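Asker: These are the residues of each chain, in order.
2 protein chains.
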Amino acid sequence: MGDVDAAGLTPAQARALFRTGTITPTSGYSRGYAQANLLSLPKEDAFDFLLFAQRNPKPCPLLGVLEPGQVTSPLLEGGDIRTDIPSYRLFRDGELVDEAPDATAWWRGDMVSFLIGCSFTFESALLDNGVPVAHITQGRNVPMYRTTIDTVPAGRFAGPLVVSMRPVPADRVADAVRITSRYPAVHGAPVHVGNPAAIGIHDLSTPDFGESVAVAEGEIPVFWACGVTPQAVVMSSRPALAISHSPGHMLVTDARDLEYQVP
Amino acid sequence: MGDVDAAGLTPAQARALFRTGTITPTSGYSRGYAQANLLSLPKEDAFDFLLFAQRNPKPCPLLGVLEPGQVTSPLLEGGDIRTDIPSYRLFRDGELVDEAPDATAWWRGDMVSFLIGCSFTFESALLDNGVPVAHITQGRNVPMYRTTIDTVPAGRFAGPLVVSMRPVPADRVADAVRITSRYPAVHGAPVHVGNPAAIGIHDLSTPDFGESVAVAEGEIPVFWACGVTPQAVVMSSRPALAISHSPGHMLVTDARDLEYQVP
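From first to last, the protein sequence lines stand for chains V and P. When you number the first sequence by the numbering used here, it's gap-free, plus one each residue, and the end is 270. When you number the second sequence by the numbering used here, it's gap-free, plus one each residue, and the end is 270.
Each pair may be met inside one copy or between any two copies, as identical chains are not told apart.
Here are the simulated SDA-like cross-link-like pairs (lysine to any residue), alpha carbons at most 25 Å apart as the crow flies: (1) K65 to G207; (2) K50 to L73; (3) K50 to V104.
Derived by calculation from the structure, the hints in this document are not laboratory data. Given the structure is predicted, the values throughout are model-derived calculations rather than measurements.
This is chain V alone, in the form it adopts within the complex:
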């Protein structure tokens, strides 16, 4: 697929490509459209996770929820949530046990699917406003870290907040806060600015997920709540069954990034 203009594909075209087996990170696909994290759980755990998301809107901003038995939604018009993501992860009792481009064989009839906002949306807004995004410039996945900040528990779900880090030139930190705070549905304003040790991060060069990026002289590390938090919470809380996307391999939705801008 080397010649595909990924940015120019409609979301439906991108999903069709992934449905037929293309496995690729989705950064850069379908420019202008929002991408989403996935967590699917059996009905018996769905109330607790829905409440968890309500109490933790920064890491778990819900763009949509597919009710038990539903496998499509207006966010993926004509699509199928079990096949339209490039890669899925299977968790049993909180352990990652499999990874595959099709989740149909793992599915149960009563699965509830949570679609959670993704920082790709606010990264586009940062770039459009001339704020550099180092991991994109450096051609890497964003670095992500478990923190000592606890999420707010709900029912059986609890665990650490996971954050992503972007180094921002000191004279653009205020702009980065202002711009991202206009996107509360995709993690919103930073949770922390400038002091990684205060949230339990002692070495920026060894992220827990993703890849490290260089922080240049004069840049401040800025931390945003991250959509990988639900996977960390699944690992801590050990529900019998959970299905997620593979990090970086997101659902490309039919919603435009700009729909999530406020006010």
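Fit chain P to the given chain V structure using the hints.
Answerer: Just chain P now, with coordinates in the frame of chain V:
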């Protein structure tokens, strides 16, 4: 209680007053603190309603949820959700069957309580910004109307959107939109401006809830999603048991209005 300085009471003092039997509308109590609508449902209906709220954030912005068996929360520190509201309503199979200042006798051990944002918060912001609020000036309850706009269904819950109406001078309509859009947790921006017939309201002088207010020459009727919507949805969807506050008789919370301002 005629000499009580209602505006100067702390939220805890206001709740103590209502717990011991004072029955009064709460408009004007504990200035600067957010008030909330209540809907309590048995656990069996809680997932569907939580999903309903997620899908309908304008009429049902959740400030907090008390899990099955919980009767207090950080939003009512040291309080009891069954007693701390001035007046409660009991619905059985969608019918309003009782109204009382204490809901304890109606309670079940598995009730889940939803605390939903209230427009009193943005009315304070409108007044602070010099935008007149007619029903306050006229000493009346805000007029509310069922519309022909459907809410987004979730599980067993569906029904009409209820809106509140405030007449705004034509030269302040843009300000009213801008100011209230900064409070998405308390209904946010208007859902409609200027044409009541388009949303099924044929006579502004006969509201379905609350009291009518005069619309002066040069004023435009502006419509916001309303926290009475959950009660209209209960009446349409007929769950076996539901407990709400009585309209205008709200929970006074420990959260400050300003906590809900974005960005």
